[in-house]
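Chemist: Guided by the hints, dock chain B onto chain A, whose structure is given.
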Amino acid sequence: MLAFVVRRLVLLVVALVVASLLVFALLRLLPGDLAAVIAGPQAPPERVEAIREQLGLDRPLVEQYLEWMGGVLQGDFGTSVVSGTSVASEMRAKLAITGPLVIASTVVSMLVAIPIGVWAAVRRQRPDGVAVNALSQVGIAMPSFLVGLALIVVFAVRLGWFPPNGFPRQGWDEPGRAVRSLVLPVLTLALAQGAVLVRFVRSATLDVLQQDFMRTARATGLTFRRAFVRHGIRNASVPIISILGVQIASLLAGVVVIERVFALPGIGQMLVGDIGDRDLEKVQGTVLLLTVIVLVIGFVVDVLARLIDPRLRDATT
Amino acid sequence: MTTMRALTRSWTGRLGLGLVAIILVSVLVSLVWVPHDPTRVVPSERWLPISGEHWFGTDGAGKDLFSQVLVGARTTLVVALASAAIAGVVGLVLGLLAAVLPRLVGDAIGYLVDVLIALPVLVLALVLVALFQGSLLTVSVAIGAGSGVALARVVRGEAESVLTRQYVTAATTSGSSTTRTVLLHVVPNILPMLIVQLSLVAALAVLAEAALSYLGLTPVSTPSWGRMLQSLQSTVSQHPGAIVFPGLAVVLTTLGFNLLGDALRDATDPRLRGAE
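So the sequences go chain by chain: A and B.
Counting in the numbering used here, the first sequence runs from 1 upward without gaps.
Counting in the numbering used here, the second sequence runs from 1001 upward without gaps.
With the rest of the complex left out, here is chain A (with noise of 0.2 Å):
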């Protein structure tokens, strides 16, 4: 088991080390003098040459790199060439908005998904069991701001108990209309995250259900329901467990549209903005900031799945 978190731990790490690279390599390969560009087209020779030395663009690559990454540990992302202020602190709080809208969809996703997709795996030559299968793979095909717009178009213009869009300005400080206000962005991932886990939770419980200690324990004289819950959940749980830290990365990459539909200033939003204005160190961090996120989580998620499963955690690979 030690064995494994170190070899996961340096494989993290080494992930870690490509993802900085990656993204720091992906904003340098921009075609055109990035100075000149940040500063825009009626920018004064002077303010180019002012951006091009705060951001470090005139040194030798390695040099900047280091620099950036020597900051990034010590928790420091730079500063906005655009607004001038600190890219941690920004990111600080826009997180405040997408950090609860990340969280609060995947638990809603898991206490819908896992019962439903359990008993279209239990169900599954009944007509409940196959129509749930199927409805799962609409909702797969369905492109996350499409679900957006509908929920928009039913809860908020015809019903009007939700805002169609926006997060109140004082933020948090209005916990009332924040959270109504992310009631609709929450429903929307959590319904195209749903639709995946479904699923792979019916493929995971008839994987299962067909084991055979499974029937042993029927054999036993244990009902369906005590069997499952006994022995059935917890074999099922693995792959689950490993397709969630799967998901996190999708998520991410729905967050930017979801924002998009519903315009909440978080992350994504911010990430959008920041790529048009070619604010560099913004855009660097950002991206980080997301992979990190992401590597994290799978390396959690994997080692969870070790401590669940002992033929795991046993194996030598």
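No wet-lab data here; the hints were simulated from the structure.
Just to be clear, a hint being listed does not mean it is correct.
Not the full set, but computed from the structure, chain A residues with beta-carbon under 8 Å of chain B [as the list claims (entries may be wrong)]:
{"id": "1", "residue": "14"}
{"id": "2", "residue": "18"}
{"id": "3", "residue": "143"}
{"id": "4", "residue": "152"}
{"id": "5", "residue": "260"}
{"id": "6", "residue": "283"}
Far from chain A, by Cβ distances over 10 Å, these chain B residues were calculated [as the list claims (entries may be wrong)]:
{"id": "7", "residue": "1027"}
{"id": "8", "residue": "1046"}
{"id": "9", "residue": "1055"}
{"id": "10", "residue": "1105"}
{"id": "11", "residue": "1136"}
{"id": "12", "residue": "1154"}
Ideal Cβ positions, reconstructed from N, Cα and C, are used throughout, including at glycine.
Modeler: Relative to chain A, chain B alone:
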């Protein structure tokens, strides 16, 4: 031919095949016939309802929605096929190299693949496309390369298992070179699995392209369902019906590729064959 028969045996297979066929036919039709110029603004014909003249009605600028959806199908299909092709090449090359090359190099490639899989590909693709004012090629490269890496891991595993079979040993003993063995014995054996995966990549690409063009990151000049939905969003409260057709187009195309992939898997997996 047995695959085809197995494919049409399940209703999901038939549906997937049908939906993909519809999209292919739409694109072919759009090359020779589009009822109206999809970009022509006709102020007198704003928000027309569905009619024989305008099958899907018109939008707020009087542009014909059916023509827009028809022309948008080209973009979707090009991105879907190009992404799948790129993913196939990347996955096959990386996966086969990792399986065939000497242990040290192969493991290094495998490790690299593990690292790349962990990265949030879609987020990186988004940044890439946005930064480079994404052409259709950028979009396809970003989606294709990202999915290709994940494919490489599967290809490697399958290839390694094929390499241990007796017919491979027999081929090697009778003097078949590594290249020949791989091309003649390994590739044909992993091809069914690969095609299944590529169908799923195509579905992912349809969704990703829709999302990217919805965000306005693809070129304005390229007609696309995502962009249609974006421009219809501001008037969605007054004219919710207009988003139905481009929306349905995205959903049905994605569904088609996904169902086709699933049905192909069932049809080509010998363990599942005849299970019913």
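Chemist: Please name the hints from earlier in the document that this structure breaks, with their numbers sorted from lowest to highest.
Modeler: none
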